[in-house]
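J.: What follows is each chain in one-letter form.
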Amino acid sequence: MKVSYYPGCSLHGTAKEYDQSVRAVSRALGIELKEVDDWSCCGATSAHSTNFKLSIALPARNLVAAEKDALDVMVPCAACFNRFKTAEHHLKADKQLKGEVEEIIGGKYHGGIAIRNPLDIIFKNIGLDALQERIKKPLKGLKPVSYYGCLLLRPPEICEFDDYENPVIMDKIMGVLGADARLWSYKTDCCGGSLTISRTDIVAKMVSKIMAMAREAGANCVVTACPVCMANLDMRASDNVRLPVFYFTELIALALGLQGPETWFKLHNVDPRPLMKSLALI
Amino acid sequence: MQTFLEQVNEKIDGVPLQRCYHCRKCTAGCPLTFAMEYNINKVIKMIQMGRKNEVLNSSTIWLCASCETCITRCPNEVDIARMMDVLRQMAIETGVGAKEKNILKFHESFLSNIKMFGRINEPTMMVQYKLKSGDLFSDMGMGIDMFLKGKLSLSSPKTKDLKSVKKIFEKTKQA
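Residue numbers (my numbering), protein chains in the order written: chain E, 1 to 282; chain H, 1 to 175.
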């Protein structure tokens, strides 16, 4: 299949291992990516917190750019995904707003393409059976908790993603990779990502609680699909509870035997290599 | 003249806040309740009672992390997350400013960085924030570590048609 690809700002910076692992996994699974032409930032929390119209116009500019390719758009960053889906929702529901936004961005929005996260594309379009067939190195001994956070799931009528209180897509993918995904009740709890720079003190408490719960569930690592969660969980947990954190695509790549995982692991703040070596996975 | 409640309802443009029957499910599920000045339920009650200054001057509206757990669980579909956006925007528009000054300064730095490059360039955005907030030294070690790992690049690709992005900022009146 072919999709257009909106990496978003993080994936060109602090989340570059997410970008590289999404591209590697897509290639291996036969998903062709065409990057959206001359994309710009989605505005994230800063836009919607302070200026409603700006928060719709910024993603709308990118949706219009993506529509030119007439392909569904893959958005790996959960924050961008949420802003795209929210903009789509408002543009489809409010004709007057749509007119104003089209004037602001200087382009017509048609709404003909679907906004997709790679988790959902791998689960629905590739399928667990096809993924299973390609596994070269089962992730035996890895006990992740799946952490979905907020932005893929809420609000559910906008995100249209997975069960919003107990999502299972990532857990199922982890199972296929041979990992033992642990059950826990913090998979959709907020990590406080949008406050990570401005109120680090509060965020450190939120993250440490999530990590403590992951440990209590018997996990030896955390897996996520969000660069904001990743940065936050990987950097803000207190020393006594921290665990390695992975992008789900890094783990898929490892299980598929692709090139790259060790290079990506070096980029993490909490070095996952001692754990992976102890399990003979690298 | 509109009451504060009417002003907020108009801007939310959805289920009116009167629909809230104060079951406090929002507050019980809110991950930031522990850090908030007034819990979310109390904010709704204060809006209903017209306590505009106290609400717009509170830290609560800035500490909301927009996780949307409240709206997802509200039995009456009151869009509390949207309400928080509306209150923040009212605090800015009415000149009240932000009780949590650094949170607003972060948002301003973030948006001004988009206006400058079309995309966020993390190192320059952080410099903008640090100059604005005066919080110069926190996360320095982390920043240097990331720089050495090649995660912070000053030359990350920018949006070529920067004019179209700047136009969005002008037309939505974002400084």
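There's no promise every hint is true.
Unchecked claim - Residues from chain E shown here face chain H by an in silico Cβ test under 10 Å; the list is partial:
hint, residue
1, Thr14
2, Tyr164
3, Val168
Stated by the list, open to error - Here are the computed lysine-lysine pairs in the DSSO-like style, where the Cα-Cα straight-line distance is at most 27 Å:
hint, chain 1, residue 1, chain 2, residue 2
4, E, Lys98, H, Lys163
5, H, Lys160, E, Lys140
6, E, Lys53, H, Lys160
7, H, Lys171, E, Lys205
8, H, Lys163, E, Lys2
9, E, Lys53, H, Lys149
10, H, Lys101, E, Lys53
11, H, Lys99, E, Lys2
12, E, Lys68, H, Lys132
13, H, Lys52, E, Lys98
14, E, Lys53, E, Lys137
15, H, Lys149, E, Lys266
16, H, Lys173, E, Lys95
17, H, Lys166, E, Lys108
18, H, Lys171, E, Lys92
19, H, Lys99, E, Lys92
20, H, Lys52, E, Lys53
21, H, Lys101, E, Lys34
22, E, Lys95, H, Lys130
23, E, Lys205, H, Lys130
24, H, Lys115, E, Lys98
25, E, Lys68, H, Lys101
26, E, Lys92, H, Lys130
27, H, Lys115, E, Lys68
28, E, Lys98, H, Lys130
29, H, Lys166, E, Lys92
Since the hints were made in silico from the structure, they are not lab data.
Every residue, glycine too, gets a C-beta built ideally from N, C-alpha and C.
J.: Does each hint hold? Answer for all of them.
T.: Consistency of the hints with the structure:
no., hint, in the structure
1, Thr14, "5 Å, holds"
2, Tyr164, "6 Å, holds"
3, Val168, "17 Å, violated"
4, E:Lys98 <-> H:Lys163, "21 Å, holds"
5, H:Lys160 <-> E:Lys140, "46 Å, violated"
6, E:Lys53 <-> H:Lys160, "23 Å, holds"
7, H:Lys171 <-> E:Lys205, "39 Å, violated"
8, H:Lys163 <-> E:Lys2, "30 Å, violated"
9, E:Lys53 <-> H:Lys149, "37 Å, violated"
10, H:Lys101 <-> E:Lys53, "23 Å, holds"
11, H:Lys99 <-> E:Lys2, "47 Å, violated"
12, E:Lys68 <-> H:Lys132, "39 Å, violated"
13, H:Lys52 <-> E:Lys98, "31 Å, violated"
14, E:Lys53 <-> E:Lys137, "48 Å, violated"
15, H:Lys149 <-> E:Lys266, "8 Å, holds"
16, H:Lys173 <-> E:Lys95, "21 Å, holds"
17, H:Lys166 <-> E:Lys108, "18 Å, holds"
18, H:Lys171 <-> E:Lys92, "21 Å, holds"
19, H:Lys99 <-> E:Lys92, "35 Å, violated"
20, H:Lys52 <-> E:Lys53, "23 Å, holds"
21, H:Lys101 <-> E:Lys34, "41 Å, violated"
22, E:Lys95 <-> H:Lys130, "40 Å, violated"
23, E:Lys205 <-> H:Lys130, "23 Å, holds"
24, H:Lys115 <-> E:Lys98, "22 Å, holds"
25, E:Lys68 <-> H:Lys101, "41 Å, violated"
26, E:Lys92 <-> H:Lys130, "39 Å, violated"
27, H:Lys115 <-> E:Lys68, "24 Å, holds"
28, E:Lys98 <-> H:Lys130, "36 Å, violated"
29, H:Lys166 <-> E:Lys92, "25 Å, holds"
Checked against the numbered hints above, the structure breaks hints 3, 5, 7, 8, 9, 11, 12, 13, 14, 19, 21, 22, 25, 26, 28 and satisfies the rest.
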